[in-house]
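My request is simple: use the sequences and hints to build the entire structure.
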Amino acid sequence: MFRRAKRFFHREQSTPYLLLMPAILTLMFVVLIPLIFSFYTSFTGYRLVKPESLYDWVGFRNYQRIFADGDFWAAFGRTVMFLTIALNLEFLFGLGIALLINRITWGQRGLRTIMMFPMMFSPILVGYQFKFIFNDNIGVLNNALQALGLSNGAIAWLVDEFLANFSILFAEIWMSTSVFAILLLAGLFAIPRDPLEAAKVDGCNSWQVFRHITLPFLMPFAFIAMTIRSLDVARAYDIVDVMTGGGPAGRTELLWTLIARVGYDNSRMGQANAMAYVSILLSIAFTYYFFKKLVAARKYMGGAE
Amino acid sequence: MTRGQLRKRVGKVATWLATFILMLVICLPGIYVVMTGFRPNREVLAKPAIWVPEVFNLDNFYKIFGVGGEQVAIPVTSYITNSLIIALTSTVIALLIGMSGGYAFARFRFKFKNGLFLGIMLSRTVPGIALSLPVFIIWSRLGLIDTKPGLIIVYVALNVPFTIWLIDGFFRQIPKEMSEAAQVDGCTRWQAFWKIEFPLAKSGIASAGIFAFLTSWNEYALASNLTRSTDSKTLPVGLMDFTAQFTIDWAGMSAMAVIIIIPALILTFLVQKHLIAGLTFGGVKG
Numbered sequence: 001m002f003r004r005a006k007r008f009f010h011r012e013q014s015t016p017y018l019l020l021m022p023a024i025l026t027l028m029f030v031v032l033i034p035l036i037f038s039f040y041t042s043f044t045g046y047r048l049v050k051p052e053s054l055y056d057w058v059g060f061r062n063y064q065r066i067f068a069d070g071d072f073w074a075a076f077g078r079t080v081m082f083l084t085i086a087l088n089l090e091f092l093f094g095l096g097i098a099l100l101i102n103r104i105t106w107g108q109r110g111l112r113t114i115m116m117f118p119m120m121f122s123p124i125l126v127g128y129q130f131k132f133i134f135n136d137n138i139g140v141l142n143n144a145l146q147a148l149g150l151s152n153g154a155i156a157w158l159v160d161e162f163l164a165n166f167s168i169l170f171a172e173i174w175m176s177t178s179v180f181a182i183l184l185l186a187g188l189f190a191i192p193r194d195p196l197e198a199a200k201v202d203g204c205n206s207w208q209v210f211r212h213i214t215l216p217f218l219m220p221f222a223f224i225a226m227t228i229r230s231l232d233v234a235r236a237y238d239i240v241d242v243m244t245g246g247g248p249a250g251r252t253e254l255l256w257t258l259i260a261r262v263g264y265d266n267s268r269m270g271q272a273n274a275m276a277y278v279s280i281l282l283s284i285a286f287t288y289y290f291f292k293k294l295v296a297a298r299k300y301m302g303g304a305e
Numbered sequence: 001m002t003r004g005q006l007r008k009r010v011g012k013v014a015t016w017l018a019t020f021i022l023m024l025v026i027c028l029p030g031i032y033v034v035m036t037g038f039r040p041n042r043e044v045l046a047k048p049a050i051w052v053p054e055v056f057n058l059d060n061f062y063k064i065f066g067v068g069g070e071q072v073a074i075p076v077t078s079y080i081t082n083s084l085i086i087a088l089t090s091t092v093i094a095l096l097i098g099m100s101g102g103y104a105f106a107r108f109r110f111k112f113k114n115g116l117f118l119g120i121m122l123s124r125t126v127p128g129i130a131l132s133l134p135v136f137i138i139w140s141r142l143g144l145i146d147t148k149p150g151l152i153i154v155y156v157a158l159n160v161p162f163t164i165w166l167i168d169g170f171f172r173q174i175p176k177e178m179s180e181a182a183q184v185d186g187c188t189r190w191q192a193f194w195k196i197e198f199p200l201a202k203s204g205i206a207s208a209g210i211f212a213f214l215t216s217w218n219e220y221a222l223a224s225n226l227t228r229s230t231d232s233k234t235l236p237v238g239l240m241d242f243t244a245q246f247t248i249d250w251a252g253m254s255a256m257a258v259i260i261i262i263p264a265l266i267l268t269f270l271v272q273k274h275l276i277a278g279l280t281f282g283g284v285k286g
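Here the protein sequences come in this chain order: A and B.
Reading the first sequence from the start, the letters are residues 1 to 305 in the numbering used here.
Reading the second sequence from the start, the letters are residues 1 to 286 in the numbering used here.
Source of the hints: derived by calculation from the structure; they are not laboratory data.
Warning: the hint list may mix true and false statements.
Just a few of them, taken from the derived set where beta-carbon distance is under 8 angstroms, the chain B residues facing chain A [stated by the list, open to error]:
1. 15
2. 18
3. 19
4. 101
5. 120
6. 123
7. 126
8. 250
Some but not every residue of chain B turned toward chain A, in silico, with C-beta under 10 angstroms [what the hints assert, rightly or not]:
9. 67
10. 96
11. 121
For each residue, glycine too, the CB sits at the ideal point set by N, CA and C.
Rendered as structure tokens:
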């Protein structure tokens, strides 16, 4: 047995598996095994305050409960809405910024570096920063509006349902647009000149060139950005946690803040894990979708070369 | 001036104006927070607002670090130490694991290659808060809650997928023939790696490291649930110490924000060129 294992590890073909072993072991220990465990937990009535309830098998009761739970569906809908609006706007703004910076020749390097700063900020800092700016009493936004005479009273940016969600979206877009801008800019740099010039010779106007040559070429870069973004969309939890904590009265509750509330604050771990599973499937679906699109776009580009 | 020239000039002015507004939106919020870090609370809270700072000093930082006999209310120094230890250790380990994994993906053909790559990437999609629930339960049974190793292991796993993605891309840019030539000349594969491929990919690997460091340095969702005390609390978690139930120490919090931002700014400046190259090569050239 031992000799056979030894022989396996000495063969040339097993080298890549050996090299990947540390990565696989780490991910198994921190991600895979906990996920299997949480899948089990989602079928129990586990509460943090009662350790013995870990063995209290309740079948699908947690799942039945969340599907009948209005708060859960409200948070779910808000999360999907939030992601759709945020990712689309980030793509549009990112495209605009990339096209803009691409036109500038003087000082472009500096602009590119500055553009990357929000991406490197801690989400918790971004949240804090905008909590401060949107604060109804001492926030700089309300102060400015009052000083300019545009509003009399204090606008409750983080209390009103629409404004609070707007503020959080603003923070999220501020933080993540640069991912799109930077990758699309890299795409613009990589565009071959020949097709652009050929199209111009053939009498295309600049909109047609953009629509039929530039944009298709940029799509793989957009999908890389989407894939990277779908890996970290849940960072929005940090922003919401600092800015509003999901409140007031659940008006800004996203799936992730709801999970934290049910799991840690109410200590209903079984229920929270069932919700967490829904959020994990949502994230995996997002990533898988964009990854497939990326592979398809890559094939398309490879075929055109 | 002809019409064409006029149009060109208007276009130029519009471009610069748009860029100026863009930079304003990106920079102003950060500048405002940084400035608040140097102002006293009574000025921040003043009504009507004081627009031009009258007092501008380091008092908030003295308070944080207890310089000049100031009472230290929040142990920021130990948060900084914790953050540094945890982020640095997890970065080094993630880089070693990522180098070996990235090399495997860049240089070998093997069964389940695409499946494994996708699997490793998908492990990163699990939202931090969803992962924190089972990890919290298991870690508390293993006694890893509120310890530095507990958080380090988690951050290594968090960083490995992206590190592999980036490093795979950097290795792929190096022609295979170079290390093959070295092997023909009598190097072992191991020597060829350290003498040929590693030096060529070094700057790329360094930027993957900086990216991993920043991920750990900035992480909040897991850290806020897996840490409890000064033994392991990191800076982002410590930032929340400044908020009480109904009052927030804006000036102190902003001063701490400055401390968290500085490494991010410096490292971003160092990493920017390689990061873009790594992301696009890793992603586009399949």
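Against chain A, with CB atoms and a cut of 8 angstroms, does the hint on residue 101 of chain B hold up?
4 angstroms, holds
Interface hint compliance - residue 123 of chain B to chain A, C-beta minimum distance less than 8 angstroms
5 angstroms, holds
Under 10 angstroms, Cβ to Cβ, is where residue 67 of chain B needs to be relative to chain A, so tell me if that hint holds or is violated.
With Cβ-Cβ at 24 angstroms, over 10 angstroms, it is violated.
Any CB of chain A closer than 8 angstroms to the CB of residue 126 of chain B?
At 5 angstroms from the nearest chain A Cβ, residue 126 of chain B passes the 8 angstroms test, so the hint holds.
Is the shortest C-beta separation between residue 96 of chain B and chain A less than 10 angstroms?
The hint holds - residue 96 of chain B has a Cβ within 10 angstroms of chain A, the shortest such distance being about 8 angstroms.
Quick one, is the residue 121 of chain B hint okay against chain A at 10 angstroms, beta carbons?
7 angstroms, holds
Is the interface hint satisfied for residue 120 of chain B? The criterion is a beta-carbon contact with chain A at less than 8 angstroms.
With Cβ-Cβ at 7 angstroms, under 8 angstroms, it holds.
Do the numbers back the hint for residue 250 of chain B, that is, is its least Cβ distance to chain A under 8 angstroms?
6 angstroms, holds
Tell me if residue 15 of chain B is really an interface residue toward chain A, meaning its C-beta lies closer than 8 angstroms to one of theirs.
5 angstroms, holds
Any CB of chain A closer than 8 angstroms to the CB of residue 19 of chain B?
Because about 6 angstroms separates residue 19 of chain B from the closest Cβ in chain A, which is inside the 8 angstroms limit, the hint holds.
Chain A contact restraint for residue 18 of chain B - C-beta distance below 8 angstroms:
6 angstroms, holds
Violated hints amount to a single one, hint 9; each of the other numbered hints is respected by the structure.
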